[in-house]
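Colleague: One letter stands for each residue in the lines below.
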Amino acid sequence: MNRIISLNPGDKAVVERYAQGMDKAYKLKLLALGLTKGTEFTLIKTSPFGDPIEIELRGYRLSLRRHEAEGVLCSQ
Amino acid sequence: MLTIAVTGNPNCGKSALFNLLTDGRQKVGNWPGVTVDKKIGEIKHKNLKAKLVDLPGIYALDAWSEDERISRDYLLSGEPEFLLNILDSTNLERNLYLTTILQEMGVKMLVVLNMIDIAEKNLININLEQFEKELGSPVVAVSALRSGSKDIIINKIAELLKTENKTQPLPVPSEIENANEESKDELLAEWRYKRIENIMAKTVKKGIPAYAESDKIDKIVMNKFLGIPLFLLVMYLLFWLTIHVSGVFIDFFDIAFGAIFVDGVRYVLTNINTPEVIVSILADGVGAGIQTLSTFLPITFSLFFFIGLLESSGYMARAAFVMDKVMRTMGLPGKAFIPMLIGFGCSVPAIMATRNLENKRDRILSVFMVPFMSCGARLPVYILFTAAFFPSNAQNVIFALYVIGIVLAVATGLLLKGTVYKGSLAPFIMELPQYHTPQIKGAAINAMFRLKAFIKKSGRILIPIIAILGMLNSAGVLPMVGKSIAPVFSPIGVSEENWQASVGLFSGLFAKESIIGTMNSLYSQDAEKKEDEKFSLFEKLGEAFVSIADNVKSLGTKIKNPLGFESSEEDAYLFDNMRKAFNNSSATAFAFLLFVLLYVPCISAVAVAAREVGWVLVFLQSLYSTVLGWCLAVIFYQLVEGHSAASIVAAALILPATIFGVVFYARKSGRFG
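Residue numbers (this note's numbering), protein chains in the order written: chain F, 4 to 79; chain A, 58 to 730.
These are calculated hints, taken from the structure and not from any lab test.
Do not rely on the hints blindly, as some may be mistaken.
Claimed, not checked - SDA-like, lysine to any residue: derived pairs with alpha carbons at most 25 Å apart:
1) F:Lys48 - A:Leu367
2) F:Lys40 - A:Glu254
3) F:Lys32 - A:Glu415
4) F:Lys27 - A:Val291
5) F:Lys32 - A:Thr386
6) F:Lys40 - A:Leu118
7) A:Lys241 - F:Ser78
8) F:Lys15 - A:Lys262
9) A:Lys281 - F:Ile8
10) A:Lys207 - A:Leu244
11) F:Lys15 - A:Leu244
12) A:Lys474 - A:Asp174
13) F:Lys48 - A:Lys263
14) A:Lys262 - F:Ile47
15) F:Lys32 - A:Val291
16) A:Lys241 - F:Glu43
17) F:Lys27 - A:Glu239
18) F:Lys40 - A:Asn235
19) F:Lys48 - A:Asn235
20) F:Lys48 - A:Glu270
21) F:Lys27 - A:Thr476
22) F:Lys32 - A:Glu239
Every value quoted in this text rests on a predicted model; they were computed, and no experiment measured them.
Isolated chain F, as found in the complex:
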C-alpha cells in the first residue's frame, strides 16, 4: 500500500481505499471529483515550491496538498 505523499512526477497509481477517520467533507469532495476505488491517476508535477501536487484522473487535472491527501491509500 502506497501513499500519495511518496509518489514522484510521472508515477501512476490506483486508489485502493480511504483511510479511516478522514475528514468527511474532504472525502466527499474527493469522491465527487472522481477519486473512487479503482481509479487510476498520474502524478503530473509539483508546484515550484514543492507542494501542492497536480494529478491527472478521468481526463482532467486536480491539485491537492500532499499531507492532506495522505488518507487516500493507493497501489502502484
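With chain F fixed as given, assemble chain A onto it according to the hints.
Modeller: Structure of chain A alone, referenced to chain F:
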C-alpha cells in the same frame, strides 16, 4: 413567469452561456442567509420567455459547502420548474457526476454539452443520439462561441416544456441505500462513476489528450525557475493595470458626481428656497455619500475585469497552485494572495475580492489582514509627513511603514491560525482547468455584475454612514469631537494644542487621504474664507472630462516617479506649520504615521467588510487594529523620546489584553466559521 435554474461544474463555461441566453443583461439578487450574490437574467425569445437563475459552480450536492447548500436548497424549493445542466464536453466524465445526482433527484432538465467546438478540435467524438439514450435525459451540444447555439438551447427547452412527461428519479440500488454510514458515501460515488464510465465507453470516442496544449504552456509558466518570477510579473501587471486604469477615471467620477449630487443639488435646492437643514441633509449628506461611492466604481470594475480575464484564461488556478505553500503558512489558500495584493491599492475592492475565496474562514481571515496593507490613500499622508520630517530619507521611512503593515498582517494571520483556527484549516482541492483564450466580453459583463452588486448592497450601508458623518462635518461638529479626543494622542507625543491632528484623523475615516486636506486647512492660520464660487454644472462636468485626459498624461510621470514627490513654496509653508504643531519631533511624526497606518480602515472599507463578514466582526477588526496602532505608536514614541515608563507599561498591557480579548471572543462566539 417560468423559472429556469442553471447549474454545472466550475470551469464548464456556464457564465458564457448564461450571458448568451440573457444577452448579457443581469440583475443582482440575494440567496437567503448568505452573502453570495444571486445572478438573475431573462430569456426573451420568440419561442420562450423565462427567468434564468444562475447557481454557483459545484461538483456535487452534498451540502457540505455553502455553494452546494445554496444549490440544493434552491432546487428543492420548487421555485425552478426546469433546469439547465451545463457540461464541459472536453471533460465529460467528471462533469456527468453532477448530472447523475440531479437525475437521482428527478429534476426536469436539459443537459447542455458546452464547448463542443473545442471537443471537436480535440477529436472527441460523441454519438449524441446514443449518449442521450444511455444517459436518459435530453441532451444538446453547443458552444457559446458558435452562432445558433442560443436557438438550439431555447427551442429544445420550449419543446421539452410542451411534452408533459414527468421525469422519473433515477433509483439508487437498495444495497447502497442500506449500507452503513462509513461506506455509503464511497459506494454511492463508485456506483455513479461506474454508470458514467459505462455511458462513456459506449458513446464517446476519446480524442487527443486534453491537456496537450496546456502542458506546453505550463512547461514555461510553471517551470521550476520561471514559475515564481512569472507569477510575480503577472501579479504586478494585475496590480498596476487595476490601479492605474481606474486611476485615470477616479477624478472624473469624483468631480462629476460631486457636481451633480452635492453642488448641483445644493444649487437647485437653495434657489427654490429650501430650508438649509434639508439642503445639508441632501447635498452634504446623501450627495456626499453618493459621491464617495462613485469614486470606487472605476477600481471595482477594473479589478474584477482583470481578475475575470485571468480566471477565464486558466492562469488564476495556476497562480493559486504556485502560491499555496507560501499562503498556507498564514492559514490561507493560494488564491488569497490577490486580495492582499490589491490591498496595496485600495482596501475596498480588496475586501470584495475575498468573495472569490471558497471558505468562510478564509474570507474572515483575509478581511482581518487586508486593512494592514498600506493602501493608496495612506501614501499621500506618508509622503507629506516624511517630506516635512524626514526630508533626507523619506523613501526609507515610507518603506518601513509598508513593511510594518505587511508584518502585522502576517502576524495577524499567524495569530488567528494558531488560536482560533487551530488545526482545522480548510483543505485545498482545486481543479486545474485547461488554458483558454481570455474572454474579454465575458470578463466585462462579469465585472459589471460585480459593480451592480457593489452599488446595490454596499451603497445601502455606505451612503447613510457618509451622509450622517458628512452632515456632522458641515455642521462644524468634527473640530469639537477632534478637540475632545485630542488627549488620547498625548502619549504618542501629539500635544493637546495640536487638536488639528486629531480632527485630521477623524476626517481620515472618510478616506485616509482626507487627513492631509483637513490638517492643511486647519493649520492655515489666516483661515481664508471660502469664496462663493459661481456654480456651473457644465463647467464642472467639463472639468471632469478634462481630468481623464490629465490623468492619462500623468501616467508617464507616475511610472518614473511612483511616489510623486514634488515640493513647492506652498508646501514649505505647510511643512513649517506641521513642524511647529508636532513640536519639531520626528518621533511624534513617525508615531502618528504608525497610527495612520493602523487605525480603523476608512468607512467605505468598513461598509464593504460588513457586507462580507457582518458588523460584529468588522467592529472587532477595527477595534483590534486601532488599539494595535495606538499601542505601537505609544511604545515607539515613548521609547525614542517620551521616556514615560507609565505609558510604556500601559501600552504593553493593553496590547496583549486586546489580542487576548479578540482571540477569546473569536473562539467563544463561533462567528469565525
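Colleague: Work down the list of hints and note, for each, if the structure agrees.
Modeller: Cross-check of the supplied hints:
At roughly 22 Å between alpha-carbon atoms, lysine 48 of chain F and leucine 367 of chain A fall within 25 Å of each other, so this suggested pair holds. Only pairs whose Cα atoms come within 25 Å are accepted, and lysine 40 of chain F paired with glutamate 254 of chain A is accepted, the gap being roughly 13 Å. The suggested pairing of lysine 32 of chain F with glutamate 415 of chain A holds, with an alpha-carbon distance near 13 Å, which does not exceed 25 Å. At most 25 Å may separate the alpha-carbon atoms for a hinted pair to count; lysine 27 of chain F and valine 291 of chain A exceed this at roughly 36 Å.
Proposed proximity of lysine 32 of chain F and threonine 386 of chain A is supported: the alpha carbons are some 23 Å apart, at most 25 Å. The straight-line distance between the Cα atoms of lysine 40 of chain F and leucine 118 of chain A is roughly 20 Å, inside the 25 Å bound, and the hint therefore holds. Taken as a hint, the lysine 241 of chain A and serine 78 of chain F pair is honoured in the structure, with Cα atoms around 23 Å apart against an allowance of 25 Å. Restraint check: the Cα-Cα separation between lysine 15 of chain F and lysine 262 of chain A comes to about 23 Å, which is no more than 25 Å; the hinted pair holds.
The hinted pair formed by lysine 281 of chain A and isoleucine 8 of chain F meets the criterion: a straight-line CA distance of about 19 Å does not exceed 25 Å. Restraint check for lysine 207 of chain A and leucine 244 of chain A: the C-alpha separation of about 38 Å exceeds 25 Å, so the hint is violated. About 23 Å separates the Cα atoms of lysine 15 of chain F and leucine 244 of chain A, which keeps this hinted pair within 25 Å; it holds. For the proposed pair lysine 474 of chain A and aspartate 174 of chain A, the alpha carbon gap of about 45 Å is over 25 Å, so the pair is violated.
For a cut-off of 25 Å, the pair hint linking lysine 48 of chain F to lysine 263 of chain A stands: about 23 Å separates their Cα positions. Of the supplied pair hints, the one linking lysine 262 of chain A and isoleucine 47 of chain F holds, its CA atoms being roughly 24 Å apart against a limit of 25 Å. Proposed proximity of lysine 32 of chain F and valine 291 of chain A is contradicted: the alpha carbons are some 30 Å apart, above 25 Å. With a CA separation close to 21 Å, the supplied pair lysine 241 of chain A and glutamate 43 of chain F stays within the 25 Å bound.
With a C-alpha separation of about 9 Å, the suggested pairing of lysine 27 of chain F with glutamate 239 of chain A holds against the 25 Å cut-off. Of the supplied pair hints, the one linking lysine 40 of chain F and asparagine 235 of chain A holds, its CA atoms being roughly 19 Å apart against a limit of 25 Å. For the suggested pair lysine 48 of chain F and asparagine 235 of chain A, the alpha carbons sit about 40 Å apart, so the restraint of at most 25 Å is broken. Note on lysine 48 of chain F and glutamate 270 of chain A: the hinted pairing holds, with a Cα-Cα distance of about 16 Å set against a maximum of 25 Å.
Annotation: proposed proximity of lysine 27 of chain F to threonine 476 of chain A holds, straight-line Cα distance about 23 Å (limit 25 Å). This hinted pair checks out: lysine 32 of chain F and glutamate 239 of chain A have alpha carbons roughly 15 Å apart, not beyond 25 Å.
Checked against the numbered hints above, the structure breaks hints 4, 10, 12, 15 and 19 and satisfies the rest.
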